[in-house]
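*Asks:* Below, each chain spelled out in residue letters.
Number of protein chains: 2
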Amino acid sequence: MTAEAAPAAAGFASLDALVRPRSVAVIGASDEPARIGGRPIAYMKERGFAGDLWPVNPRRATVQGLTAYASVEALPAAPDVAIIAVPAEQVIPTLDSLGRKGCRAVIVFSAGFAEMDAAGEAQQEKLAAVARGHGIRMLGPNCLGLFNDSIRFYGTFTASFEKGFPIAGRIGIASQSGAYGTHVFSAALDRGLGAPVVITTGNEAEVALGDVIGWMAQAPEVEVICAYAEGIRESTQFIAALDLARRNRKPIVMMKVGRSQLGGAAAKSHTASIAGDDTVTQAVLEEFGVVRARTTEEMLDIAYAATKRIYPARNTLGVLTVSGGAGVLISDAAEQAGVAMPPMPEAAQERLRSLVPFCAPRNPVDCTAQVTNNLPLISEFAESVARDGGYASILSFWSQTAAGRSVGPSLQEQMRKVRAAFPDRLWVMSMLAPNKVREYEGDGWVCFEDPSRAVNAIAAMGVFGAAFARAEQPAAEVPLPRVALPEATPSEAVAKALLAEAGVPAVPEHACSDSEAAVMAAEKIGYPVVLKILSPDILHKSEIGGVLLDVTNADAVKHGFATLLERARHHAPAARIEGVLVAKQIKGAVEMALGVFRDPVFGPVAMVGLGGIFIEVLKDVSFRRCPFDAAEAERMIRSLKGFPLLDGARGRPKADVAALAGALSALSAFAAAAGPRLASIDVNPMLVLPEGQGCYAADAVIELDGGGH
Amino acid sequence: MTAEAAPAAAGFASLDALVRPRSVAVIGASDEPARIGGRPIAYMKERGFAGDLWPVNPRRATVQGLTAYASVEALPAAPDVAIIAVPAEQVIPTLDSLGRKGCRAVIVFSAGFAEMDAAGEAQQEKLAAVARGHGIRMLGPNCLGLFNDSIRFYGTFTASFEKGFPIAGRIGIASQSGAYGTHVFSAALDRGLGAPVVITTGNEAEVALGDVIGWMAQAPEVEVICAYAEGIRESTQFIAALDLARRNRKPIVMMKVGRSQLGGAAAKSHTASIAGDDTVTQAVLEEFGVVRARTTEEMLDIAYAATKRIYPARNTLGVLTVSGGAGVLISDAAEQAGVAMPPMPEAAQERLRSLVPFCAPRNPVDCTAQVTNNLPLISEFAESVARDGGYASILSFWSQTAAGRSVGPSLQEQMRKVRAAFPDRLWVMSMLAPNKVREYEGDGWVCFEDPSRAVNAIAAMGVFGAAFARAEQPAAEVPLPRVALPEATPSEAVAKALLAEAGVPAVPEHACSDSEAAVMAAEKIGYPVVLKILSPDILHKSEIGGVLLDVTNADAVKHGFATLLERARHHAPAARIEGVLVAKQIKGAVEMALGVFRDPVFGPVAMVGLGGIFIEVLKDVSFRRCPFDAAEAERMIRSLKGFPLLDGARGRPKADVAALAGALSALSAFAAAAGPRLASIDVNPMLVLPEGQGCYAADAVIELDGGGH
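Chains as they are written, first to last, in numbering that gives the first Met the number 0: chain V, 0 to 708; chain R, 0 to 708.
Zero decoy hints are in this set.
Where chains are identical, the list cannot tell them apart; a pair therefore holds if satisfied intra-copy or between any two copies.
In the BS3-like style, the derived pairs of lysine-lysine whose C-alpha atoms are separated by at most 27 Å in a straight line are: (1) Lys618 x Lys640; (2) Lys416 x Lys162; (3) Lys586 x Lys540; (4) Lys653 x Lys618; (5) Lys435 x Lys162; (6) Lys586 x Lys653.
No wet-lab data here; the hints were simulated from the structure.
Using the sequences provided together with the hints, build the complete structure.
*Replies:* Below, the structure is given as C-alpha cells:
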C-alpha cells in the first residue's frame with residue numbers, strides 16, 4: 000500500500016488552492032453582508048484575510064467597500080479560488096469563464112442540481128465535465144463551502160459565526176452535510192475546542208469526502224480529523240486518504256449515518272444481500288483504525304482527547320478513584336469498550352495497603368476518602384499507579400472532591416507534579432469541578448465530568464494507537480494467483496476446481512468409472528470414504544440407496560461399487576450411469592460460510608460467518624476488502640460472536656482455524672485477481688475439521704457479470 | 000399484586016422517622032464543624048433545621064453552640080432519629096441505649112463492620128439483631144447517611160456541600176454507595192437539577208435499597224427516583240418498592256454496576272449457570288419498567304426529562320430539523336433506542352411542501368434553512384408536526400441557529416407559542432445556544448445539546464409510560480396448579496408427567512407390552528408414530544435397528560412391533576425386553592429450551608431460549624420471575640434475537656408460538672406453586688411444531704434441593 004499511496008498523497012495537495020488561496024474571487028458578490036453572496040466577503044473583511052479579495056458584480060462599482068469587477072473576464076488575474084454564488088442556470092457558463100481565465104479551484108454555493116431532480120442531475124454531470132475539462136477542483140455544488148481560519152479564508156455562507164469565529168486548535172472537520180459540519184464546529188466552539196478548518200462537500204460533483212480527508216491528512220493545520228458521511232461514493236481517494244492519515248498518525252473520528260445507498264444496490268448474490276446497510280464501509284473504517292462515533296458528543300469527546308496526541312499502541316488503563324462505586328462503574332465501562340485494566344503489581348498493592356489499610360489497590364485503585372484527611376497520600380497513590388502500574392492511560396476519579404476548598408488546591412498541585420513526571424501517559428481527570436476544568440486543562444489534563452465518557456475516549460486513543468502501529472509494520476504482501484475466469488458462469492465442479500487451485504480446498508472426490516479406479520481414488524483420499532452413484536438422471540441419490548457411508552477399506556470399496564451399480568440398475572433402469580463418486584467422508588466439522596461480492600464502491604469484499612442461522616438471523620459475519628493475508632483473515636474469524644463454536648465450546652474439539660484463515664485469505668486473493676467480471680462467490684458450507692485436519696468446501700458458486708441465470 | 004402491595008406501601012412509611020425527623024440526636028457530636036461528628040450539626044445549623052437538635056458528648060457542655068448531653072440516657076426525650084458517629088466497638092451499646100430510650104430510627108456512620116472482615120460481619124449481625132429487637136429502622140452501618148432538604152434535615156457527613164446545598168427539585172437519589180450517591184447529587188447540582196433527598200444505604204444491615212426506593216415511591220418530596228446498586232440483597236421490599244413506584248407513576252432510573260454477587264451463587268442447574276451476572280436483576284427491572292442507565296450522564300439526562308412528568312404510554316417521535324444530516328442521525332438513534340417515528344400524514348406533507356418547495360416533510364421533517372429567511376414558517380412547521388403528526392414526543396433540532404441574533408428571538412417566541420398550544424406533548428429542544436437553555440427551560444422545554452442524548456431520554460419516557468399503563472390494567476391472575484413434588488429427584492418420565500399435568504405437554508408416548516396395545520396407543524396419538532424397542536439393557540436402540548420411523552397405520556404398527564422384538568432377540572438375546580414405546584412422530588419442529596431456577600434473592604425465575612448454540616454461545620435467552628401469564632411469556636419469546644426462527648425465517652412455516660407461550664407460562668406457575676424445595680427445571684428440547692400443532696417437551700429434568708445426584 001505504501002508505494003501506491005505516495006502519489007495519491009501528492010494529489011491531495013491539489014486542494015491547496017481551494018483551502019489556502021492567496022486570491023479569492025466572489026462571483027455573485029453582494030453588498031449586503033447578510034446575503035449569501037455577501038457573507039464570505041463580510042467574514043474575510045472582519046477576520047482580515049491577507050490575500051486579494053475580488054468581488055464580481057456587474058451592477059456595482061464597489062461591494063462592501065471593495066472594488067467590484069463586472070465579470071470574470073474583467074478580473075485582474077486568475078484567482079486561486081472562485082466562490083460561485085449565482086443562480087443555477089448561470090453556474091456552468093461562469094465556471095467555463097473561470098476555467099478560461101485560468102482559475103483552478105471553485106466553491107459552488109448554488110443549489111438546483113442533483114439534490115433536486117433528474118434534470119438537475121444531468122446539469123450537475125455537465126458541470127462536473129466542464130470542471131474536469133479545465134482541470135478545476137470544484138467543491139459543491141449545493142455546498143456551504145469551507146473556511147480555514149489559519150489564513151482567515153472564509154469561502155462559506157454559514158451563519159455559524161454569530162457566536163464567534165474559530166478559536167485556535169488543530170481539529171479539522173470534513174462533512175458531507177453543511178448544516179451538520181457547522182453544527183459540529185459550533186458544538187466544539189462551545190466546549191472550547193478549536194476547529195479552524197471546516198470543509199463541507201455538498202453534492203460532491205468533483206471533490207468528495209476522501210479528497211478532503213486526504214488534504215487534512217497532509218496539511219499541518221490539522222492534527223485530528225472529524226468526518227461526517229452519509230455515504231461514500233468513491234473509493235480510491237477515500238482509501239488513500241485513510242491510509243495517509245494513518246501513516247501520518249492523524250486520528251479520524253467519523254460519524255456515518257443512515258443506510259448506505261449501496262445497501263440497496265442489486266443484491267445479486269447471497270453474500271451481497273447479507274452485507275446490507277453499511278457493513279462494507281464499517282469494514283473499511285475498521286481496517287484503517289477509524290473510530291466511529293455514535294453521537295456528536297462522542298465525536299467531540301474523542302477529538303478532544305486526541306488533541307494530546309498520545310496514542311498508545313497497546314492501551315492499558317489504570318484507574319485511581321476516591322469512590323469504590325465509581326471504580327466498579329469504570330471497570331464495567333472499560334470492559335464494554337475493550338480496554339484492558341491489568342492489576343497493579345502485588346508489591347505495589349501491599350505498599351499502598353500499608354499506607355491506607357482499607358484501600359483497594361488492585362485496579363481500580365480505590366484510595367478511599369481517607370486521603371482527603373491525609374493529602375500527601377494523593378501523590379503516593381498517583382505515582383504508584385503511573386510508575387508501578389505502568390499504565391498507558393490513567394483515569395483519575397475525584398468527583399466533587401476536586402472542587403473542595405480544602406482538598407481541591409492540594410489535589411491539583413500534587414496531580415500536576417505527578418502528571419509532569421510521566422508526560423508520555425494519557426492523563427484523564429473525571430471530576431465535578433466545572434470552574435477548575437480550564438486550570439486542569441492548562442496543566443495538561445484531559446477532563447471529563449462523566450467517567451464513562453472518559454473511558455470511551457481513552458479506548459479510542461488505543462484504537463488509533465494500534466492502527467498507527469500496524470501502519471508502521473511492512474504490510475504482508477498477499478500474492479495474487481493467476482485467475483482465468485471461464486466465459487460463462489461455471490458449474491459447481493468447475494467453481495470448486497478453480498478455487499482449489501487458488502488455495503481454497505474442496506472436499507476431495509473423484510469420479511470413477513470402474514471399481515479399480517474407485518479403490519485407487521479411495522486410497523489416495525484416505526479412509527473412510529463416501530460412495531455416491533454418479534448419474535445425470537438420478538437427482539435424489541439417497542432415495543434409491545445410492546449413497547454408502549463409512550466405507551473403510553479396498554474390499555468395501557469394490558463391494559460398494561457393485562452394490563451401487565446394481566441398485567441403480569434396479570431402481571432406475573433407464574438412467575445413464577457414469578460410475579461412482581468417491582469422496583472424503585467429513586465428520587465432526589463446523590459449517591462455515593465464506594463469500595465474496597463486488598461492492599460498487601470498494602470492489603471485491605470477502606465475508607466469513609458461521610453457517611446457516613448464524614448468518615441469516617443473527618448477521619454474525621465479518622467483512623474485509625480483498626485481498627488480505629491469513630493473519631487478517633484470522634482476526635475476522637475471531638471477531639465473530641459465534642467464534643467459541645470453533646474454539647472448543649460445548650466440549651467440541653477446537654476447529655482448524657488456521658486452515659480456515661488460509662482458505663479465506665486465498666479466497667480474497669482469488670477475488671482480487673479475478674477482475675471486474677467476478678460478481679460474487681459463495682462457498683457454503685465450508686466444512687472445518689478439528690485442528691490439523693484442514694477445511695473443505697462442500698459447495699461453491701461463482702457468479703460472473705453477464706454470466707446469466 | 001395490587002392487593003399485596005398495599006400493606007408493603009404502609010411499611011415504607013416506617014422510614015418517616017429516619018427521613019423526616021422532628022428531633023435529631025447526634026451521638027459522638029463534635030464541636031469541630033469539619034469532623035464527621037460535627038458536620039451534620041453544622042449543616043443543620045447553616046440550613047436552619049426547624050426540629051430539635053441534641054448533640055451527645057460526655058466531655059462538653061455545648062457543641063457548636065448547642066446544649067450538649069452527656070449520654071443517650073440524659074437526652075430530654077427519645078429523638079425521632081439518632082445519628083451514631085462513635086467508634087465501632089461502641090455502636091452496639093449506643094444502639095441498645097437508644098432503643099431503651101424509645102428511639103426508633105438511627106443512622107450509623109461508623110465503619111468497621113461487614114466491609115472489613117468476618118469478625119466485622121459477625122458484629123454487624125449482632126448490631127442488626129439489636130436493632131430488630133428494639134424495632135429500630137437502621138441506616139448503615141458504614142454509610143454516608145442521608146439528607147432531606149425539604150425539612151433541612153442533614154443526617155450525613157458528606158463533604159459535597161462545598162459547592163452548595165441542594166436546590167429545589169423533585170429528584171430523589173437512593174444509593175448503595177455513599178460516594179457515588181453524592182457524586183450524582185453533585186453532578187445534578189452542576190446541571191441545575193434539584194435533588195434535595197439523597198439516601199445512601201452503606202452496609203444495609205437493616206434498611207436496604209428497596210426500603211429507600213419504596214419510601215421515595217410514596218413520599219411527596221420525590222417524583223423521580225435515581226437509584227444506584229451494586230447488588231440487590233433482598234427481594235420482597237425491593238419488588239414492592241418497584242411496584243409502588245410504578246403505580247404512583249414515579250419513574251426509576253437505575254444504575255446497576257458490577258457482577259451481581261448472585262452470579263457466583265452455586266450454579267447448580269444448567270439454567271442457573273446460563274443466568275450468570277445480573278440477568279435476573281435485569282429481568283426484574285424490565286418487568287417494572289425501570290430504565291437502566293449506562294452512564295451517570297444518561298441517568299441525569301433521563302431524570303431531567305422525567306421532571307416534566309410526561310410519560311407517553313405509546314411513544315411516537317416527531318422530529319423537526321433545519322439539517323437533513325441531523326435528521327438522519329436522529330432517525331438512526333431513534334431506531335437504536337426503539338422509538339417509533341411514523342411518517343406525517345400525506346396531506347400535511349403536501350401542505351408543507353407547498354410552503355417550502357425543497358423541504359423533506361416525511362419525518363424527520365426537514366424544514367431546511369429556508370425558514371431562517373421566512374421566519375413565520377417556523378410556526379407553520381412546528382404546529383403541523385404537533386397537530387397533523389400527533390406525535391407524543393417532539394424533538395426540534397436547531398443547532399446554532401437558535402443562538403443567532405436574527406433567528407434566535409423569533410424562533411424562541413414561535414416555539415413557545417406552539418409548545419403552549421400542545422402542553423400534553425413532550426417537547427425537546429436540541430440546540431447549540433448555552434446561554435438560551437435556561438430561557439427555553441423556563442418556557443417548558445427539555446433542552447439537550449446533543450440530539451442523540453435527547454433521543455435516549457425521550458425513549459426512556461416511553462418505557463416509563465408503557466410500564467405505568469401496564470400497571471393500570473388489572474394484572475391477569477396466573478392460577479397456580481396444585482403441585483406435589485416427590486420425595487426424591489424424579490425420573491425423566493415422572494418429571495414429564497408432573498409437568499404435563501401442569502400444562503407443559505410432553506411428546507405423547509405409551510409403553511406397550513403387546514401389539515394390540517401398540518395399535519391402540521398409535522390410534523390415540525395419531526399417525527405417523529415412531530416405534531422404539533423398550534429395554535433397560537439396550538441403550539443405543541438405533542444400532543440394532545430398534546427404532547422405526549414413519550409408521551402410518553395399524554398393520555404397520557403390528558408388523559413393526561414384531562420386527563422390533565425379533566431384532567432385539569437376534570442382536571441382544573440376553574436383554575430384558577419390556578415391549579415397545581409408541582411415540583408421536585415430531586417433524587419440522589423448532590428446538591427451544593425452557594428452564595426454571597431458584598434465584599437466592601428473587602425466587603423461581605423462568606427462562607426461554609432457542610436450543611443449543613443459541614443459548615450457550617450467544618446467551619440469547621429471556622428471564623422472568625415466576626409466575627407470569629401467557630401474554631408475558633409471549634413477550635419474552637418475541638424478545639429473543641433468534642425469534643425470526645419461530646416466525647417463518649428461511650421459508651419455514653411459522654411455529655406455534657401461542658402453544659409455546661402457554662407452556663412457558665404453565666411452567667412458571669408450576670415453579671411458583673412447587674415451593675422452595677424445587678431447585679431447578681430444564682425442559683430441553685421443547686419441540687415447537689408449526690402453528691396450530693402445539694409444542695412438546697422431549698426431555699425434562701426436575702432437580703430438588705437435597706434430591707441428590
